[in-house]
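Respectively, the protein sequence lines represent chains S, Z and G.
For reference, each letter of the first sequence is one residue, going 5 to 296 in our numbering.
For reference, each letter of the second sequence is one residue, going 15 to 339 in our numbering.
For reference, each letter of the third sequence is one residue, going 46 to 318 in our numbering.
Please keep in mind that the hints were generated in silico from the structure rather than gathered at the bench.
Please note that the accuracy of each hint is not assured.
As a list, the in silico DSBU-like pairs of lysine-lysine whose alpha-carbon atoms are at most 35 Å apart [unchecked claim]:
1. G/95 <-> S/216
2. Z/153 <-> S/286
3. Z/291 <-> Z/308
4. S/15 <-> S/286
5. Z/283 <-> Z/237
6. Z/291 <-> Z/332
7. Z/248 <-> Z/291
8. Z/155 <-> S/289
9. Z/153 <-> Z/133
10. S/287 <-> Z/153
11. Z/237 <-> Z/82
12. Z/131 <-> Z/92
13. S/101 <-> Z/155
14. Z/291 <-> Z/315
15. Z/131 <-> Z/155
16. Z/82 <-> Z/332
17. Z/283 <-> Z/308
18. Z/155 <-> S/286
19. Z/321 <-> Z/283
20. Z/248 <-> Z/321
21. Z/237 <-> Z/248
22. Z/133 <-> Z/155
23. Z/283 <-> S/101
24. S/101 <-> Z/153
25. Z/332 <-> Z/283
26. S/289 <-> Z/153
27. Z/321 <-> Z/237
28. Z/155 <-> S/287
29. G/240 <-> G/95
30. S/216 <-> S/101
Here are the chains, one letter per residue:
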Amino acid sequence: MAVISNLKVFKDSAWLGWQMEANWTDPFLFLTYSIVKPIAGTLILVLMYMVVTGGETGNAFFSYMYVGNAMYMFVADVLFGVTWVIHDDREHYMTLKQVYIAPMNFYMYIMGRSAIKIAITTFGVLVTLIFGVMALNVNINLAAVDWPLLAAALVLGLGCICILGLALGGVSFLTAKHSIGINEGMAGVFYVLSGVVFPITILPTWAQPVSKVLPITYWMESVRRALEPEVMQELADTSGFDVTGMGGVSDLTMMLYLLASVAVFFVMSIGIFRVADNIARKKGKIDWTTAY
Amino acid sequence: MQHAVETQSLTRVFRPKKKKEGDIVTALDSVDLQIGRGELFGVLGPNGAGKTTLLKILSTLLLPTSGKAYVAGFDVEKDLMAVRERINMVSGGEISGYGLLTVRENLWMFSQFYGIKSKEANARIDELLRRFGLTEKAKAKVRTLSTGQRQKMNVIRGFVTNPEIVFLDEPTLGLDVNAARAVRDFVVDWIREDRGRTVLLTTHYMMEADELCDRIAIIDDGKILACDTPTNLKRMVKMNSTLTLSIAGLNEIDGFDTIPGLNSYSQTKDVESSTTKLRFVVEDESCVSDIISKVVAEGSKITSLQKTEPTLEDVFIKLVGRGLE
Amino acid sequence: MTESYLMRNLRAVRGRAYPRLIGSTREPSWFVFDVILPLFTIAGYAYVYKFLDARAELIGYVVLGGAMTAFWLNILWSMASQLYWEKEIGNLSLYLMAPISRMSVLAGMAVGGLFETTIQAAMTLAIGAIAFDVVFSLASPALLILVFVVTMIALYGMGMMFASLYLLLGREAYHLSALMMEPVYFASGFYFPVKQLGFWAAAGASVIPITLGLDALRQIIFPGGAEDAFLSLNTEIVLLAGLCVVFMILARYSLRYMEYLGKTTGRLTLRWQ
Numbered sequence: 005m006a007v008i009s010n011l012k013v014f015k016d017s018a019w020l021g022w023q024m025e026a027n028w029t030d031p032f033l034f035l036t037y038s039i040v041k042p043i044a045g046t047l048i049l050v051l052m053y054m055v056v057t058g059g060e061t062g063n064a065f066f067s068y069m070y071v072g073n074a075m076y077m078f079v080a081d082v083l084f085g086v087t088w089v090i091h092d093d094r095e096h097y098m099t100l101k102q103v104y105i106a107p108m109n110f111y112m113y114i115m116g117r118s119a120i121k122i123a124i125t126t127f128g129v130l131v132t133l134i135f136g137v138m139a140l141n142v143n144i145n146l147a148a149v150d151w152p153l154l155a156a157a158l159v160l161g162l163g164c165i166c167i168l169g170l171a172l173g174g175v176s177f178l179t180a181k182h183s184i185g186i187n188e189g190m191a192g193v194f195y196v197l198s199g200v201v202f203p204i205t206i207l208p209t210w211a212q213p214v215s216k217v218l219p220i221t222y223w224m225e226s227v228r229r230a231l232e233p234e235v236m237q238e239l240a241d242t243s244g245f246d247v248t249g250m251g252g253v254s255d256l257t258m259m260l261y262l263l264a265s266v267a268v269f270f271v272m273s274i275g276i277f278r279v280a281d282n283i284a285r286k287k288g289k290i291d292w293t294t295a296y
Numbered sequence: 015m016q017h018a019v020e021t022q023s024l025t026r027v028f029r030p031k032k033k034k035e036g037d038i039v040t041a042l043d044s045v046d047l048q049i050g051r052g053e054l055f056g057v058l059g060p061n062g063a064g065k066t067t068l069l070k071i072l073s074t075l076l077l078p079t080s081g082k083a084y085v086a087g088f089d090v091e092k093d094l095m096a097v098r099e100r101i102n103m104v105s106g107g108e109i110s111g112y113g114l115l116t117v118r119e120n121l122w123m124f125s126q127f128y129g130i131k132s133k134e135a136n137a138r139i140d141e142l143l144r145r146f147g148l149t150e151k152a153k154a155k156v157r158t159l160s161t162g163q164r165q166k167m168n169v170i171r172g173f174v175t176n177p178e179i180v181f182l183d184e185p186t187l188g189l190d191v192n193a194a195r196a197v198r199d200f201v202v203d204w205i206r207e208d209r210g211r212t213v214l215l216t217t218h219y220m221m222e223a224d225e226l227c228d229r230i231a232i233i234d235d236g237k238i239l240a241c242d243t244p245t246n247l248k249r250m251v252k253m254n255s256t257l258t259l260s261i262a263g264l265n266e267i268d269g270f271d272t273i274p275g276l277n278s279y280s281q282t283k284d285v286e287s288s289t290t291k292l293r294f295v296v297e298d299e300s301c302v303s304d305i306i307s308k309v310v311a312e313g314s315k316i317t318s319l320q321k322t323e324p325t326l327e328d329v330f331i332k333l334v335g336r337g338l339e
Numbered sequence: 046m047t048e049s050y051l052m053r054n055l056r057a058v059r060g061r062a063y064p065r066l067i068g069s070t071r072e073p074s075w076f077v078f079d080v081i082l083p084l085f086t087i088a089g090y091a092y093v094y095k096f097l098d099a100r101a102e103l104i105g106y107v108v109l110g111g112a113m114t115a116f117w118l119n120i121l122w123s124m125a126s127q128l129y130w131e132k133e134i135g136n137l138s139l140y141l142m143a144p145i146s147r148m149s150v151l152a153g154m155a156v157g158g159l160f161e162t163t164i165q166a167a168m169t170l171a172i173g174a175i176a177f178d179v180v181f182s183l184a185s186p187a188l189l190i191l192v193f194v195v196t197m198i199a200l201y202g203m204g205m206m207f208a209s210l211y212l213l214l215g216r217e218a219y220h221l222s223a224l225m226m227e228p229v230y231f232a233s234g235f236y237f238p239v240k241q242l243g244f245w246a247a248a249g250a251s252v253i254p255i256t257l258g259l260d261a262l263r264q265i266i267f268p269g270g271a272e273d274a275f276l277s278l279n280t281e282i283v284l285l286a287g288l289c290v291v292f293m294i295l296a297r298y299s300l301r302y303m304e305y306l307g308k309t310t311g312r313l314t315l316r317w318q
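With the sequences and hints as input, model every part of the structure.
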């Protein structure tokens, strides 16, 4: 019964999330928005690369960077999407208190609301990858893709990101409107430390152990191994050393690490959320507004 | 002498962007009003009658579809700045303001938009806070205020600029008895202090309109049905008595139309007490027995029976054909 | 315009700036969320250039561009789309009813937000410069201030013009703001010399004042900035000055027109569009 009830909450809140994310304009404009935004973000990196290399994009380094940047959209947008639910409902629609006191699983509500963000982001990632392959010679060979590894990595990685977003959502109970930047900040931390667009071996020596603790680092590596195994092999062959810093870790180890991370973050995030929720109720911050 | 507010065939039609979003709505339909300076004028009508639409046009937030509106002699379409210098508006259930600021800071901020020097603004704020009993709350953050305190603060915001004309759009909505009383008393005192001041009050509380207003316009479906003093409006039903019956249960009774001498009637269900209130405006008191006989014949149990003098609600029922839900 | 009208508008600017300034001090957590955490994103781009073994100036451009994003985001989220949130909480109708220019309200928001934004940008620049050994070469502080001020006036004028959209639109305008983040970072060359886009693309992007502003600032504060410049410094300053005038005029008319449309269609104070 609880499972059915939770699924219903998820379904209804996903519907609500869709209404908010997608019905603000006509379908054509929405489609344009969903394509232009991710590609523009990627092109920043492409231009930066071309400024230095004089336009050469058909090599392993470029593919490494491009795929990482495309997949990073999941990190940034999903973290944002989960945290945004609390902020949106509290500050803009002022419905948080009504939702909060409803007899339903609030975590399911948040996940449902942010589900549409995951769907839209998936579309954006696909568009970006296709654009890269067709226009920029990004090396993704569908015949060489390790589909089971990719599926496992995506499921575990997205689960981890959603759970992290939950923790940040809890924190946002206690912070003012401007603190929606917390999710961008956290995403920025991963951007630097998790080998998104450059290998972690580029980082200062003191930062690399930190990178190896972050689950997103393993997620990035496993997605790359699954999606572009030829590129990863070429990088290893041409550089002659463990250029990514993760060469010594097997696929299985990475999946296990991700799984363990999901479990640990699950406990931590629920804990953070509950503490933040409790403090927010004590201080009367569930329904406060902080616009200025 | 120039009117404080004047409208000539004022009409406002709302057309949806897409057909599926709904029908065309005529919120105001050829409204003609003249409100004199120094009047406390009421606009009484049910939800959706067009009261707020009228105020939005007069306060320059909305353009009419056709017709004209003048505030303090200035055209609301052409002389925007001249109108805005002379008005202010307070709405019921307002949530405006910034929660991070204190009460004084919020009020001061809005006073600056009307060019009031800080020293003068603070003096006015102090006086108004005192009159509303909010002096201790001057330094409280707005987000810590109760609903009543917040609405009092909003009322103060509307008057701190010392406007010539104030539009009050259901200002006591959602307030408890004491808070509502404080607002009403203030409005009456304010207008008495200076006969150059005018108040246009919209409400769906009959008692509020009856108690406060020099004249009342009754509006429904965008049309002004009657406009006169409360006394004269009640005289419209002077020849008629009102019979109020409460019957047990929530079933409506049909067929009263055939009873001679009955002018009009309404039925309202009270779910909480599980009774139905029937209100009859009778021209000929001999029909009272017919009414009671019919109620009894339908098998209904009469729990209370009262004969009353005409009220504004009776006027409304007579004009509109239904009660004010 | 009478003196009293001018004074009233100046008071309005002061009045609307006040909540922004006070908000910064009463909710100081913005320092962490808006200064410290965004440094990571800038670091990411800087390390990309390091990974590619790029010349030092490019890393400097990333730090400068990252600092200037604070102003662009302030335009998008704390000025333009702010009118949308003001509408939702009921303040917009109070502002529109007041006998002041709409530009005064927006100017107040801009002035109030500048305090936080300037600290944000300065801290980003300082920390980024230290972390990545960025070398500045400032020959003319006066020229730097001139370029910065002219860029800001033009930029905030553009912001006022965008804000007018929010008088009429609802969530479309909000998403439009979201759409103008990455595409503008790309088109305006926040993290690379804009001339890399090609002449015509860069020229088109120059409609956005921050494009020329960034390019001019780079020429002033980086040793090799002139080599990566799209146009000469003097040309860019003149064009920026022109944009100031153009956007202020456009903002005035756009605000009037959008308000008129909003009042005609009844959407001016319509919530949850």
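Right, here's what the structure says about each hint:
| no. | hint | verdict |
| --- | --- | --- |
| 1 | G/95 <-> S/216 | holds, 20 Å |
| 2 | Z/153 <-> S/286 | holds, 22 Å |
| 3 | Z/291 <-> Z/308 | holds, 15 Å |
| 4 | S/15 <-> S/286 | holds, 31 Å |
| 5 | Z/283 <-> Z/237 | holds, 27 Å |
| 6 | Z/291 <-> Z/332 | holds, 17 Å |
| 7 | Z/248 <-> Z/291 | holds, 21 Å |
| 8 | Z/155 <-> S/289 | holds, 13 Å |
| 9 | Z/153 <-> Z/133 | holds, 17 Å |
| 10 | S/287 <-> Z/153 | holds, 19 Å |
| 11 | Z/237 <-> Z/82 | holds, 15 Å |
| 12 | Z/131 <-> Z/92 | holds, 28 Å |
| 13 | S/101 <-> Z/155 | holds, 20 Å |
| 14 | Z/291 <-> Z/315 | holds, 12 Å |
| 15 | Z/131 <-> Z/155 | holds, 23 Å |
| 16 | Z/82 <-> Z/332 | holds, 29 Å |
| 17 | Z/283 <-> Z/308 | holds, 18 Å |
| 18 | Z/155 <-> S/286 | holds, 18 Å |
| 19 | Z/321 <-> Z/283 | holds, 19 Å |
| 20 | Z/248 <-> Z/321 | holds, 15 Å |
| 21 | Z/237 <-> Z/248 | holds, 19 Å |
| 22 | Z/133 <-> Z/155 | holds, 21 Å |
| 23 | Z/283 <-> S/101 | holds, 31 Å |
| 24 | S/101 <-> Z/153 | holds, 26 Å |
| 25 | Z/332 <-> Z/283 | holds, 19 Å |
| 26 | S/289 <-> Z/153 | holds, 19 Å |
| 27 | Z/321 <-> Z/237 | holds, 30 Å |
| 28 | Z/155 <-> S/287 | holds, 14 Å |
| 29 | G/240 <-> G/95 | holds, 21 Å |
| 30 | S/216 <-> S/101 | violated, 40 Å |
Violated hint: 30 only; the structure is consistent with all others.
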